[in-house]
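J.: Take a look at the letters that make up each chain.
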Amino acid sequence: MAQHYRPVRSLLIFIVGIIGLIVWTFLPGERHTPKLGLDLRGGTQVILSPSVAAGETLTQDQLTQTISIIRQRVDGFGVAESEVTIQGSGNSAKIIVTIPGETSRTVVDQLKTTAQLNFRPVLAIDFGSPQPSASPTGSTSPSATPDPSPTVSVAPELLVPPIQSVDGSGDFADRFTALNCSESDVLSGSTDDPAQYLITCEKDGSVKYALAPADLVGTDIDSATAGLPQQGAGGWQVELKMTTPGGKKFADSTTKLSALESPNDQFAIVLDGVVISAPSVNEAILGGSAVISGSFTADEARALAQVLKYGALPIGLEVDEVQQISPTLGNDQLKAGLIAGGFGLLLVIVYLLVYYRALGVIAVLSLMAAAAMTYLVFVILGRGIGFTLTLSGVAGAIVAIGITADSFIIYFERIRDEIREGKRLRVAIDQGWMRARRTILAADFVSLLSAAILYYLSVGSVRGFAFTLGLITLVDIAVAFMFTRALVTKIGNSKWMLAGSSWTGVSPTRLGVNSSTSEAN
Amino acid sequence: MASLSQLGNSLYRGDVSYNIVGRRKTWYLVSAILITLSIATLGVRGLNLGIEFKGGAEFSVPLASANDQSVTQAREAVIAAGETPSTVTVVGGKTVRIQTPALSTEASNDLSAALAKSFAVEEGNIKVQLVGPSWGDEVTQNALRALLVFLILVAIFLSIYFEWPMAVAALVALAHDVLITVGIYALSGFEVTPASVIGFLTILGYSLYDTVVVFDKVKENTKGIHGGSRTTYSESANLALNQTLVRSINTSVVALLPVLSILVVGVSLLGVGTLNDLALALFVGMLVGTYSSIFVATPFLCQIKERTAENIALAKRVQARRKIGDASNDLKPVVAIGAPIVASAGPRQQQVKKPRSRRSGK
Numbered sequence: 001m002a003q004h005y006r007p008v009r010s011l012l013i014f015i016v017g018i019i020g021l022i023v024w025t026f027l028p029g030e031r032h033t034p035k036l037g038l039d040l041r042g043g044t045q046v047i048l049s050p051s052v053a054a055g056e057t058l059t060q061d062q063l064t065q066t067i068s069i070i071r072q073r074v075d076g077f078g079v080a081e082s083e084v085t086i087q088g089s090g091n092s093a094k095i096i097v098t099i100p101g102e103t104s105r106t107v108v109d110q111l112k113t114t115a116q117l118n119f120r121p122v123l124a125i126d127f128g129s130p131q132p133s134a135s136p137t138g139s140t141s142p143s144a145t146p147d148p149s150p151t152v153s154v155a156p157e158l159l160v161p162p163i164q165s166v167d168g169s170g171d172f173a174d175r176f177t178a179l180n181c182s183e184s185d186v187l188s189g190s191t192d193d194p195a196q197y198l199i200t201c202e203k204d205g206s207v208k209y210a211l212a213p214a215d216l217v218g219t220d221i222d223s224a225t226a227g228l229p230q231q232g233a234g235g236w237q238v239e240l241k242m243t244t245p246g247g248k249k250f251a252d253s254t255t256k257l258s259a260l261e262s263p264n265d266q267f268a269i270v271l272d273g274v275v276i277s278a279p280s281v282n283e284a285i286l287g288g289s290a291v292i293s294g295s296f297t298a299d300e301a302r303a304l305a306q307v308l309k310y311g312a313l314p315i316g317l318e319v320d321e322v323q324q325i326s327p328t329l330g331n332d333q334l335k336a337g338l339i340a341g342g343f344g345l346l347l348v349i350v351y352l353l354v355y356y357r358a359l360g361v362i363a364v365l366s367l368m369a370a371a372a373m374t375y376l377v378f379v380i381l382g383r384g385i386g387f388t389l390t391l392s393g394v395a396g397a398i399v400a401i402g403i404t405a406d407s408f409i410i411y412f413e414r415i416r417d418e419i420r421e422g423k424r425l426r427v428a429i430d431q432g433w434m435r436a437r438r439t440i441l442a443a444d445f446v447s448l449l450s451a452a453i454l455y456y457l458s459v460g461s462v463r464g465f466a467f468t469l470g471l472i473t474l475v476d477i478a479v480a481f482m483f484t485r486a487l488v489t490k491i492g493n494s495k496w497m498l499a500g501s502s503w504t505g506v507s508p509t510r511l512g513v514n515s516s517t518s519e520a521n
Numbered sequence: 522m523a524s525l526s527q528l529g530n531s532l533y534r535g536d537v538s539y540n541i542v543g544r545r546k547t548w549y550l551v552s553a554i555l556i557t558l559s560i561a562t563l564g565v566r567g568l569n570l571g572i573e574f575k576g577g578a579e580f581s582v583p584l585a586s587a588n589d590q591s592v593t594q595a596r597e598a599v600i601a602a603g604e605t606p607s608t609v610t611v612v613g614g615k616t617v618r619i620q621t622p623a624l625s626t627e628a629s630n631d632l633s634a635a636l637a638k639s640f641a642v643e644e645g646n647i648k649v650q651l652v653g654p655s656w657g658d659e660v661t662q663n664a665l666r667a668l669l670v671f672l673i674l675v676a677i678f679l680s681i682y683f684e685w686p687m688a689v690a691a692l693v694a695l696a697h698d699v700l701i702t703v704g705i706y707a708l709s710g711f712e713v714t715p716a717s718v719i720g721f722l723t724i725l726g727y728s729l730y731d732t733v734v735v736f737d738k739v740k741e742n743t744k745g746i747h748g749g750s751r752t753t754y755s756e757s758a759n760l761a762l763n764q765t766l767v768r769s770i771n772t773s774v775v776a777l778l779p780v781l782s783i784l785v786v787g788v789s790l791l792g793v794g795t796l797n798d799l800a801l802a803l804f805v806g807m808l809v810g811t812y813s814s815i816f817v818a819t820p821f822l823c824q825i826k827e828r829t830a831e832n833i834a835l836a837k838r839v840q841a842r843r844k845i846g847d848a849s850n851d852l853k854p855v856v857a858i859g860a861p862i863v864a865s866a867g868p869r870q871q872q873v874k875k876p877r878s879r880r881s882g883k
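Heads up: the protein sequence lines correspond to chains W and D, in order. Counting from 1, one number per residue, gives the positions in the first sequence under the numbering used here. Counting from 522, one number per residue, gives the positions in the second sequence under the numbering used here.
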């Protein structure tokens with residue numbers, strides 16, 4: 001076995017591997033540093049979990065839909081490298097939203113309050129130049145008459161208050177005329193302040209609305225269900241139940257609206273600033289429950305009911321954890337982590353050098369190789385699978401210094417044991433490795449096992465730590481097998497090492513072997 | 522350092538040998554006292570759970586220098602904003618940390634704005650953390666589930682790689698480490714955060730890692746002893762312990778140095794935080810872990826092994842042989858702690874398995 005081992009070849013392979021990693025890491029046009037978690041560069045992390053009633057189960061579909069809507073919303077914030085990830089599945093799924101950098105405090109609100117749903121009285125409608133679309137402009141019951149609204153009708157007297165109240169950024173009526181639904185970005189959604197007037201479009205871009213401040217907001221709605229009318233004919237409809245204060249507001253609003261002419265008898269259901277539906281009100285609705293009917297298909301009715309119930313999300317969400325860290329603090333944490341790591345590494349290097357001397361130099365080189373390799377893998381994984389280095393990951397790396405160094409210690413102690421047995425250096429190095437290898441693998445396996453289990457069974461920061469620890473354990477094995485052993489074997493064959501100076505760290509004299517006995521084996 | 526090398530030589534050959542296995546009652550007593558204390562403190566004081574486990578809101582306001590006055594100021598600001606501060610503390614001399622019961626995000630935004638105004642800092646620099654009431658339970662549940670799966674898998678691995686008594690002994694040492702570490706947390710009142718939980722979980726890995734290294738040597742030393750009548754299982758295991766003692770010391774030093782560096786740097790630069798929570802749990806756990814892999818795991822293993830028929834027979838044979846071989850019957854298998862370190866002269870060509878303890882017969 002010993003004869004077949006070629007240290008130079010092993011070293012070459014290792015060095016080529018490292019160079020390959022370096023080239024891959026520093027490919028032009030790519031990121032050359034590890035992707036930092038938000039605790040190292042500041043930002044907001046929100047962990048959301050679906051709120052599911054007892055006995056209910058989430059479908060993967062609902063989850064996927066929720067994620068895509070949240071992702072849209074996060075993208076809407078316009079912060080580069082924002083992320084929405086999901087961990088786990090079914091009822092125990094967690095949605096983790098990460099927005100780097102300094103973010104406004106309202107970000108969390110916007111995510112958490114699933115979406116803003118407002119009921120706004122319609123001031124004006126513009127169906128645009130082409131034919132009016134058959135949009136689900138329903139009416140609010142009892143009587144369900146699809147409303148053939150006129151193409152354009154602006155009620156000038158109603159446009160007076162907006163001109164004064166909207167932020168002074170020009171004439172409200174002019175802005176209404178100027179808005180082109182097919183070109184504008186209003187459809188991508190925006191924050192909708194219920195106290196302000198709003199000019200916006202229907203969600204398919206076909207219809208333009210000028211809307212008054214909201215009479216009702218989403219929280220006024222208790223429940224919404226889609227269904228067919230109980231008796232007889234009619235298409236799909238959505239039944240609404242208001243909360244007690246909501247019912248009162250709704251009664252006031254419908255009383256006011258039902259007295260007006262079309263289109264001012266309509267109210268628009270506005271979600272995130274986009275009109276979902278604009279039913280007209282035929283009479284005052286006092287009971288706190290209403291039916292929206294019209295030419296709905298079953299799917300449209302269900303979708304509308306969902307929107308009314310949860311905002312746009314198909315499921316309710318609860319905030320598990322919110323963390324907002326300023327970039328300054330993040331930077332401080334990163335610095336502290338690096339200083340602690342550097343200082344710890346330095347202490348370990350000094351200890352290894354003093355105790356193992358020449359072997360210590362090899363240990364230090366191996367540690368450096370492991371550190372370099374870890375860094376490169378961090379960068380590559382950051383690009384490849386979106387691995388982010390968090391503070392707990394840095395801690396994992398620092399802890400791993402000890403575990404990595406331990407592999408060398410086991411190896412070196414075994415070599416020294418063999419020399420104490422009276423074996424020659426060359427033999428000791430080979431046999432020491434054979435024995436140490438088993439121990440290193442068994443011990444590293446336990447480390448790897450714990451890292452893997454932690455990774456699969458945990459959420460958030462624990463994961464980052466486990467991943468780093470597992471990764472470095474693998475790096476450790478690579479370095480110990482390819483680099484350390486090769487280097488020890490190569491240097492062990494040098495004249496100086498064989499001469500057994502006390503600086504070699506494997507001097508037979510210092511290890512208590514008489515020179516006369518060292519030939520015994 | 523040189524003397525540690527010398528000690529290593531002597532330990533390896535058995536010139537100096539600490540009778541660790543033979544004194545197991547002493548170690549058990551030490552551990553029993555520590556564990557009893559841990560459980561008692563846990564029962565009486567409980568753990569100081571962080572906000573992540575209780576649910577609530579936490580605001581960290583960075584200041585040029587924080588003192589008692591800042592605490593009062595923060596408390597007043599919180600009360601003025603219409604909330605109740607549950608704890609207000611100075612952290613690391615530069616941060617005031619305010620914890621309140623669970624808040625809505627709106628209320629938390631208002632409060633963070635109020636704090637920013639009161640301390641004249643930018644609102645963006647205030648670190649805010651909101652934790653839902655069920656989050657902590659979930660973290661705990663996840664950790665416990667991870668622990669259970671880990672223990673089962675490790676027990677299987679150790680049973681295959683070694684043998685089941687070693688798996689049992691390793692797990693006993695593990696339980697010992699976790700209990701004592703948790704006990705120290707209860708006793709000191711250090712806050713338990715998810716980072717400390719990570720620390721606890723890492724200790725599991727580390728403690729086992731250490732035990733695996735020692736057991737590997739025990740396995741090697743006890744291989745084939747049943748064919749002869751020279752050493753008992755316990756004596757061989759004890760030799761293994763002594764031979765890996767220098768390794769254990771070196772490894773522990775090397776593992777503890779970085780952790781210590783996190784603690785020192787972390788406290789001086791950041792005050793209390795993730796790094797320190799983690800490092801503290803690790804520091805305590807690693808110390809206890811090293812102790813247990815030497816003083817608990819192996820003695821316990823010997824206790825199980827000495828009950829097997831083949832080891833009882835072996836012990837009898839060894840005893841019989843020693844009675845015949847030495848009339849004075851004063852063959853202590855080991856030299857007590859503090860014995861002079863004597864470099865032995867003369868050719869040493871024995872195999873590892875030969876009893877070093879018979880040195881006195883020369």
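Keep in mind that the hints are not guaranteed to be accurate.
Label pairs and their in silico Cβ distance ranges [as the list claims (entries may be wrong)]:
id: 1; chain 1: D; residue 1: Leu674; chain 2: W; residue 2: Val16; range: 55 to 63 Å
id: 2; chain 1: D; residue 1: Val551; chain 2: W; residue 2: Gln60; range: 32 to 40 Å
id: 3; chain 1: W; residue 1: Ser68; chain 2: D; residue 2: Val612; range: 38 to 46 Å
id: 4; chain 1: W; residue 1: Gly342; chain 2: D; residue 2: Ala623; range: 45 to 53 Å
id: 5; chain 1: W; residue 1: Ser295; chain 2: D; residue 2: Ala623; range: 43 to 51 Å
id: 6; chain 1: D; residue 1: Leu674; chain 2: W; residue 2: Leu365; range: 32 to 40 Å
These stretches of chain W come out as covered by chain D in the derived footprint (C-beta under 8 Å, 3 or more residues) [as the list claims (entries may be wrong)]:
id: 7; segment: 205-217
id: 8; segment: 254-260
id: 9; segment: 295-305
id: 10; segment: 346-359
FYI, nobody ran anything at the bench for these hints, they're computed from the structure. Just so it is clear, the structure is predicted and the values come from calculations on it, not from any experiment. Quick reminder that beta carbons are idealized off the backbone N, C-alpha and C, glycines included.
J.: So, against the hints stated earlier in the document, which numbers end up violated here?
T.: 1, 2, 4, 7, 8, 9
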